[in-house]
Amino acid sequence: MARYIAGRIGQAVGVLWAAYTLTFAILFLLPSDPMQLQLAAAGLQEDTLSPQQLAALKHQFGLDQPVWVQYWQHLCDVVRGDFGTSLSQHVPVTDLIGQRIGQTLLLSVSAAVVSLLAGSTLAYFATFVRWNLLRVFLTRLPALGASFPQFFVALFLIQFFSFQLGWLPATGTQGATSLIMPVLTISVLASSVLAQVLIKSFDETLSQAYISTARAKGLSRSAVHLRHAFRNAALPAMTILGVIVGLTVTSAIVVETVFTREGVGKLAQESVLSQDVPVVLAVVTIAAAVFVFVNLVVDLLYPLLDPRISHTGGKVRTPPPPLATEGVAL
Amino acid sequence: MTSTIHGPTIPDVDRMEVADPVERPGGRRANLRTAVAQLVRKPVFLIAVVYVLFVLVSAFWPRLFTSWGPYDTYPESAVLAPSLDHLFGTDNYGRDLWTRMLYGSPLTIKATLIALSIAIVAGLGVGVVSGFFGGRTDAFLMRIIDVLLAIPGLLLALSIVTALGYGTLPVAVAVGVGIVPGFARTTRAEVLRVKTLPYVEAARAGGASWGRVLLRHILPNSWGPVAVLAVLDAGVAILAIASLSFLGFGAAPPAAEWGTLIADGRNYLVTAWWLSLLPGLFVAVLVLSLNHISKTLQELNR
Numbered sequence: 001m002a003r004y005i006a007g008r009i010g011q012a013v014g015v016l017w018a019a020y021t022l023t024f025a026i027l028f029l030l031p032s033d034p035m036q037l038q039l040a041a042a043g044l045q046e047d048t049l050s051p052q053q054l055a056a057l058k059h060q061f062g063l064d065q066p067v068w069v070q071y072w073q074h075l076c077d078v079v080r081g082d083f084g085t086s087l088s089q090h091v092p093v094t095d096l097i098g099q100r101i102g103q104t105l106l107l108s109v110s111a112a113v114v115s116l117l118a119g120s121t122l123a124y125f126a127t128f129v130r131w132n133l134l135r136v137f138l139t140r141l142p143a144l145g146a147s148f149p150q151f152f153v154a155l156f157l158i159q160f161f162s163f164q165l166g167w168l169p170a171t172g173t174q175g176a177t178s179l180i181m182p183v184l185t186i187s188v189l190a191s192s193v194l195a196q197v198l199i200k201s202f203d204e205t206l207s208q209a210y211i212s213t214a215r216a217k218g219l220s221r222s223a224v225h226l227r228h229a230f231r232n233a234a235l236p237a238m239t240i241l242g243v244i245v246g247l248t249v250t251s252a253i254v255v256e257t258v259f260t261r262e263g264v265g266k267l268a269q270e271s272v273l274s275q276d277v278p279v280v281l282a283v284v285t286i287a288a289a290v291f292v293f294v295n296l297v298v299d300l301l302y303p304l305l306d307p308r309i310s311h312t313g314g315k316v317r318t319p320p321p322p323l324a325t326e327g328v329a330l
Numbered sequence: 331m332t333s334t335i336h337g338p339t340i341p342d343v344d345r346m347e348v349a350d351p352v353e354r355p356g357g358r359r360a361n362l363r364t365a366v367a368q369l370v371r372k373p374v375f376l377i378a379v380v381y382v383l384f385v386l387v388s389a390f391w392p393r394l395f396t397s398w399g400p401y402d403t404y405p406e407s408a409v410l411a412p413s414l415d416h417l418f419g420t421d422n423y424g425r426d427l428w429t430r431m432l433y434g435s436p437l438t439i440k441a442t443l444i445a446l447s448i449a450i451v452a453g454l455g456v457g458v459v460s461g462f463f464g465g466r467t468d469a470f471l472m473r474i475i476d477v478l479l480a481i482p483g484l485l486l487a488l489s490i491v492t493a494l495g496y497g498t499l500p501v502a503v504a505v506g507v508g509i510v511p512g513f514a515r516t517t518r519a520e521v522l523r524v525k526t527l528p529y530v531e532a533a534r535a536g537g538a539s540w541g542r543v544l545l546r547h548i549l550p551n552s553w554g555p556v557a558v559l560a561v562l563d564a565g566v567a568i569l570a571i572a573s574l575s576f577l578g579f580g581a582a583p584p585a586a587e588w589g590t591l592i593a594d595g596r597n598y599l600v601t602a603w604w605l606s607l608l609p610g611l612f613v614a615v616l617v618l619s620l621n622h623i624s625k626t627l628q629e630l631n632r
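Order-wise, the sequence lines are chains A and B.
Those letters in the first sequence? Residues 1 to 330, by our numbering.
Those letters in the second sequence? Residues 331 to 632, by our numbering.
Just chain B, same shape as in the assembly (with noise of 0.2 Å):
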């Protein structure tokens, strides 16, 4: 995208930003502190976040958390209940349960990440581009939107895994494109709302291309919304991931992603509730904790 200044006599008036009142010398950063400073205040906000970055941290340094191995077994403590050694309990060979799960978060996080990154590029390239060009382009590409939408999205997840075969990968693909449709329909709504602003105008008339006050003025003011979705989307992707691997199309064992765990925990069930279940509880509180992290941005944005 080039950039064709049309008036050369009016030096970049778009860099300017005359029409955006918030956007004062320094008013992009204070709004940021303000905005920090009223989400330190919010306690079930701060446990939430706490909790995320704790699950990031475990899953890459492991060893700060348990001190047992994820393969380590030991058939004299075989199906314990959860204690202060055994957090989670343990498996019927032993294995340390925590110690399983923290091991197996690397996997799923791999998995969620993937399928973020697939469902970003993807949806904001769709979104964007139909929202900018509006017409043809917009009406072609929201049809083929509205099609991915009338496939219930785990079933387009389960025919891709049928495609594609089993393992962290194509499980992380077929995620990844289920969610692509949301992106897609949130950015071009943004990026229409953006559009028809005061200050897009003004750019425009200062003689800024079209490429430009695409990449200075809409992208930057129409993430908001979108990055709210993502972090939502994070916590639909880490459930259709737990899904699918528990529908047993995970990575193969030993290596046990978190759907895996409560999979082969739900032989146990009668025996050893904990094996199943406290896996689950540890999935469920942490897209919880998302859910709740994307909600209060949301309020934030208003």
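Next comes chain A alone, as it looks inside the complex (with noise of 0.2 Å):
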């Protein structure tokens, strides 16, 4: 067991360096000249510069050196916690995010609770109800949730609720009344991601032998429903916790932007817009960390609640996330 915990962290960590290593790649390799995207980003133009200042620039951003070298500097600084310094705030990486951090965290959190609840709600009652008109629209109801835009979901949001009603605050990050429409236009995509999986995990887990057998002892439709078959149908679903809260961590790009709450996420959007390097960086590997710790948290997870997965040798094996995500979540 030890070996297999030792074994699932060190495979984080190297996806997690991968994955750093690939966003690095992308912002200083695919750029045609680095060194006009910085400028630009802090707001200066080439041509007013003398080669001196401009040297003196190309020395401060590390741009003097080849790319290995800079890539070895900045991987040693992350894992130190530094990320840089913004170019066009001119401010620490950490302290921009760290001021931020706070907003999206408690609004993917709650998003994630929410979407969770919703989700297992909707597949659960889908499946059970017997009014087939019922049922066919619960089961189609998650499809319909995944295809609205989410600034779509937002901007009607804010229609309906703000202007039309004036129940909420249209924007802003006061208070929790705040926090309602956010996490609400989150959970529309999250809880249908995961309902769509659910239900398809539900169909296969009513359809074996020992839901037949559970109703041959005489327990009623919903005891049967709840204790054997929730239980068994959300196991195969938990491998797509990583990609629920993923959905919900890229998903506060987009909310925040439309609520403009002074989130990670608005920060990303301002970082691109700006053509901020170290913030887009910093942003995508903390993102991507988030990520790769769910998925750890779940596969170390996994054998303590299926006790059917042998740890045999050190080897445990999760079942692969269900196809069912591929192509919803971007």
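These are computed hints drawn from the structure, not numbers from a lab.
C-beta: ideal position from N, C-alpha, C; glycine also.
You may find that some hints are simply not true.
[To be verified] Output of the computed footprint for chain A on chain B, the stretches with three or more beta carbons under 8 Å from beta carbons of chain A:
no. : region
1   : 362-375
2   : 475-487
3   : 568-578
These two chains come separately, so use the hints to put the complex back together.
Structural data, given as structure tokens:
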């Protein structure tokens, strides 16, 4: 078991490192002229500077060294928790993110909780009700929820609840009421994705022999559904927990922009607009870290929750995420 | 890939497709006919197809569906609510929003096609190579795919847009790269499945080279689920492209992609809700149609 845990942690660190390297490569190798990119981000014009100033700036950005030296330096800094300085705001990136990450965490965690509850409830009733019309409607509902662009959902909610009814504030981060609509916006998508997977899993579980056995014993439908089917159907769906959390994190970009919340998502949008390379690199790395961490936790918890999984020889295999998640999330 | 026939006395056994009972002479065409007959009987599917076709046709011949120009300003008829004259109303310069939507379509459709081509070429390539060769190649390629999957798609897209700058093309490339992993995994799974089927073995036994088996047997038989995913991913790509142009990374004004129009309309949400909500609905219905088509095809495939 210890070997399994160590292996999983090692793998997670490896994936995170590779994700960082890939993002670094995109940001530093892809632009034809990184110097011009970073000058533009810092708000400077290349032709207004003297060659000496240019050389000094180049040294300051670290661009006078070969790419692999820059990479090594950046990597060492990141391991120490230093993401460099923002080009456009001239503040350490860690401070910039530190001020805002609380807002985003609050939003993402509440959205993840709401999505889990809403998605499971929807899947539960979609497979439990007997009235066929309602059943079909509930089964199709997640596909509908996953098709609406998030900015559309957000704008619709603002128009309806803020401008028509005047119940909730349209923008801002003041108070709990300002959190309702952003959470709702993210949950529409995330709970739809979860419900799609859960419904499929439910359908497979309900055709198993032990369900018939439980019914034959004389248990009521609801008892079988909740205690036998739900617990078994929820297990495979656990593997997409990482996808759900990933969705709530990336959704923060659009949602925070629409609702003008000062979070990391809005910071990401602003940094891409100003081509602030260090901030973008930091945000992507942190998001990948969250995603990798959640997947790691799921991987480690899975054998504890499902005793059928053997850990012989330190090898435990969690099933790969169901294919239903492909193509839903970007 | 050269074709090396090991047993020269055996005439092209692989062409006879002995092992697949469905593949009788004319079988493929007959299958197609029954499939089409099944599809025609599904009204929602038909509506979805008609809507997608409408969006495509109106993108290339917008004159058929509107008599206004996309940049004609009429200050006297600014911010009009939707009516028969102006289906989506007018913006603050008096431009007809429906017309602007239709003239914005080619940009988004072009971006979607570029993104899909990248995803299909790269995803199919990686998936086929990975599934077909197996072993270390497979392990190595799948590790790369795992890493790509570890970065949430939209963030990967954002870093690519940061590196390449704004505009339709960078956004398309960014979205395309984001879709590659899903494609590669689905293709690989399909190739792995088909590879073990008896007719592949029969073709090999009949003396066909691996290259021939790959092109003639494995690829044609594994593209079904991949095609379904391509339709689904067209919807995903449209959503992602609209989101990225909504965030302000799309084509420069006055050219307007769908996402840009919606973002512009956002500033007038209090007084003119139609400026952002109707274009949003237009996009949502398109994505919904593509999802429905993909789902119906998937059920048909089974």
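Hints and how they fare:
1. 362-375: Violated, because only 0 residues of the region 362-375 of chain B bring their Cβ atoms closer than 8 Å to Cβ atoms of chain A.
2. 475-487: Holds, because 11 residues of the region 475-487 of chain B bring their Cβ atoms closer than 8 Å to Cβ atoms of chain A.
3. 568-578: holds (count 7)
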